[in-house]
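From first to last, the protein sequence lines are chains L and W. Numbering-wise (the numbering used here), the first sequence opens with residue -14 and increments by one. Numbering-wise (the numbering used here), the second sequence opens with residue -14 and increments by one.
Calculated from the structure, these hints are not laboratory results. Check each hint, because a few of them may be wrong.
In silico DSSO-like pairs for lysine-lysine, Cα to Cα no more than 27 Å straight-line [to be verified]:
#  : chain 1 : residue 1 : chain 2 : residue 2
1  : W       : Lys146    : L       : Lys150
2  : W       : Lys146    : L       : Lys32
3  : L       : Lys209    : L       : Lys239
4  : L       : Lys178    : L       : Lys(-9)
5  : L       : Lys209    : L       : Lys178
6  : W       : Lys209    : W       : Lys116
7  : L       : Lys283    : W       : Lys23
8  : L       : Lys283    : W       : Lys150
9  : W       : Lys150    : L       : Lys79
10 : W       : Lys116    : L       : Lys146
11 : W       : Lys146    : L       : Lys79
12 : W       : Lys79     : L       : Lys146
13 : W       : Lys209    : W       : Lys(-9)
14 : W       : Lys23     : L       : Lys150
15 : W       : Lys322    : W       : Lys283
16 : W       : Lys32     : W       : Lys209
17 : L       : Lys146    : L       : Lys79
18 : W       : Lys79     : W       : Lys150
19 : L       : Lys146    : W       : Lys322
20 : W       : Lys283    : L       : Lys209
21 : W       : Lys178    : L       : Lys79
22 : L       : Lys146    : W       : Lys146
23 : W       : Lys283    : L       : Lys150
24 : L       : Lys209    : L       : Lys32
25 : W       : Lys239    : W       : Lys283
26 : W       : Lys146    : W       : Lys178
27 : W       : Lys239    : L       : Lys23
28 : W       : Lys322    : W       : Lys(-9)
What you are looking at is a predicted structure, and each value in this text was computed from that prediction instead of being measured.
There are 2 protein chains.
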Amino acid sequence: MNEEVKPLLLRAALNQETERTPVWLMRQAGRILPEYRKIRASVSGFKELVTTPDLAAEVTLQPVDILGVDAAIIFSDILVIPEAMGLPYEVIEKTGPVFENTINSVEDINSTTVANGQELHYVYEAMKLVKQNLNNDIPLIGFAGAPWTILTYMVEGSGSKTFSKARRFLYTEPEASHLLLEKITISTINYLKGQINAGADIIQLFDSWAGILGPVQYQEFGLKYIQRICDAITEVPIIVFAKGAYHSMEQIGKLSCNVIGIDWQTPISEAHRFSQGKAIQGNLDPTVLYADTTTIQKHTVQMLEEFGPTGHIANLGHGVYPDTPLDGVRCFIDTIKEHQFKH
Amino acid sequence: MNEEVKPLLLRAALNQETERTPVWLMRQAGRILPEYRKIRASVSGFKELVTTPDLAAEVTLQPVDILGVDAAIIFSDILVIPEAMGLPYEVIEKTGPVFENTINSVEDINSTTVANGQELHYVYEAMKLVKQNLNNDIPLIGFAGAPWTILTYMVEGSGSKTFSKARRFLYTEPEASHLLLEKITISTINYLKGQINAGADIIQLFDSWAGILGPVQYQEFGLKYIQRICDAITEVPIIVFAKGAYHSMEQIGKLSCNVIGIDWQTPISEAHRFSQGKAIQGNLDPTVLYADTTTIQKHTVQMLEEFGPTGHIANLGHGVYPDTPLDGVRCFIDTIKEHQFKH
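Construct the entire structure; sequences and hints are all you get.
Set out below in structure tokens:
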């Protein structure tokens, strides 16, 4: 890929001038698409889809073909990392992920292994299939969970309202917490290197549960390990999406990543204030897409104008909700692609 | 109650000098106490406890007697307001509150009534019993949910991970949302007047789901109605606890309340920066209380020193978790009561 034809989204990620704002949606490969639901209904469960390369590739490509988004994101799950480290999980319909064994002590951590990344060969195979079928101007986004978010699942064993077990673990077992975060971090770096070898053009780190820590804890147990990953991954740009971490925006701005993802609660002006020249991704409230066309257009244009014409990757402030009307999703995407900036 | 003997907590709420920092805990009357669990086991359910004045009064007084906190908070539930407006609910063990009917349209809103407050006479009776048994130097905190949080339950019908129905309602039905918020606001003012007549010395508004709105939406659908309540309640000080609303700290600082409650994610320095001379309440991470004595003391003292000796009401950054060890709770309270400020 030479400099002249670098895809729109990658130019925006590097804060270069673009002819328009690029757009993709978190969870774009998923239940919003009838074509996805059809494939999903043909398999035994979510994990079969994740671990079957030709199916994972197919659903990865769907939103590019059907919705016209500016990037594909590999269809996978952040929890493949704990599994590769020795903690298998199931995804139970309407409940979410459930781990049979959880981490409660140093002994539990010692019984996990650092993943070398080859455990996740099925993800790389899916990515290679995607790249074979993807137009050169559409980049493929690889991803992983940030170490803190992965720790929460390994300690809690499932989703949680308060994540009090995981937060408690940091206070009661700070050294064990760091040991586990170390092992997750190295595993994640190995995994992301594998994704880049398989064709990932850009990487997003999802720190879905950043917001349940206060700023001091998040610096010590969250951002420190994200920085380690940013240091190790130099081949492609990195997007860091630390949901709920507006309290740490200044510290996030100091990371050596390329793009900061923000949720809809984060004021765009404040993200700009601390971004240190990085591009910003986000941040429409996903529930706007349930509204009528005029309302969606109004909020989308407001967002675009507040971000301005460069250094912005348009997205929602969180994953698109599965029951979002497809017309709303299309309206969001089309509004962005057709927008003419006033200035 | 004359000026000379005004209780410690009320002086702190008014940002007056105090001999030490006062302390209470959100959800202090509850499952952390074996004495509470015993009474809870003797009734059919949570709502029986809420609606039986002598039992509600007894569990309200327990933490004052057993833990030595500096305030009692009436044992009740924010959802008594939707019920008084015509939407009854049940509290289902391990699930939480469930409403049989929910709000989906203007017609649904029209079928609710503005509560005059007298529907909730059982709360006032409990408060009067508490006041008869409470030492004069311990104030009684009354409370209500903030209108936005009450709306979320009326629209969702239960708790939620994303509150996407409630957020969606603001975008799809903005006028109906304002109509409902109006009715909730007037009902809440009537209710709080009743609580003050029954002896409440100070009021806390809980906006538990403030943080799921972005700052623009929260200003329009959240803070506007909190300000209306602050304007109407002039008899006693008001604490506003808008959980997760760090993004709106500057606007919260402009409210005509007396105390700003903050969660553990909010940097204390930023709360001070925007507080406009108001007292601040909070904000230790409740999971600190699971740790050993040394760790609890360290984090509690750090918090106290960062807040400083005046204008601070010590509390957790959220309700105490039901399985918190009582020794941890006692350590937190005792550390605050014994602390000598360096300066």
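Evaluation of the provided hints:
no.: 1; hint: Lys146/W with Lys150/L; in the structure: holds (18 Å)
no.: 2; hint: Lys146/W with Lys32/L; in the structure: holds (22 Å)
no.: 3; hint: Lys209/L with Lys239/L; in the structure: holds (11 Å)
no.: 4; hint: Lys178/L with Lys(-9)/L; in the structure: holds (21 Å)
no.: 5; hint: Lys209/L with Lys178/L; in the structure: holds (19 Å)
no.: 6; hint: Lys209/W with Lys116/W; in the structure: violated (32 Å)
no.: 7; hint: Lys283/L with Lys23/W; in the structure: violated (55 Å)
no.: 8; hint: Lys283/L with Lys150/W; in the structure: holds (20 Å)
no.: 9; hint: Lys150/W with Lys79/L; in the structure: holds (17 Å)
no.: 10; hint: Lys116/W with Lys146/L; in the structure: violated (35 Å)
no.: 11; hint: Lys146/W with Lys79/L; in the structure: holds (12 Å)
no.: 12; hint: Lys79/W with Lys146/L; in the structure: holds (12 Å)
no.: 13; hint: Lys209/W with Lys(-9)/W; in the structure: violated (31 Å)
no.: 14; hint: Lys23/W with Lys150/L; in the structure: holds (26 Å)
no.: 15; hint: Lys322/W with Lys283/W; in the structure: holds (14 Å)
no.: 16; hint: Lys32/W with Lys209/W; in the structure: violated (31 Å)
no.: 17; hint: Lys146/L with Lys79/L; in the structure: holds (15 Å)
no.: 18; hint: Lys79/W with Lys150/W; in the structure: holds (22 Å)
no.: 19; hint: Lys146/L with Lys322/W; in the structure: violated (31 Å)
no.: 20; hint: Lys283/W with Lys209/L; in the structure: holds (22 Å)
no.: 21; hint: Lys178/W with Lys79/L; in the structure: violated (43 Å)
no.: 22; hint: Lys146/L with Lys146/W; in the structure: holds (7 Å)
no.: 23; hint: Lys283/W with Lys150/L; in the structure: holds (20 Å)
no.: 24; hint: Lys209/L with Lys32/L; in the structure: violated (31 Å)
no.: 25; hint: Lys239/W with Lys283/W; in the structure: violated (33 Å)
no.: 26; hint: Lys146/W with Lys178/W; in the structure: violated (33 Å)
no.: 27; hint: Lys239/W with Lys23/L; in the structure: violated (52 Å)
no.: 28; hint: Lys322/W with Lys(-9)/W; in the structure: holds (18 Å)
Consistency with the previously given hints fails for numbers 6, 7, 10, 13, 16, 19, 21, 24, 25, 26 and 27, ordered from lowest to highest.
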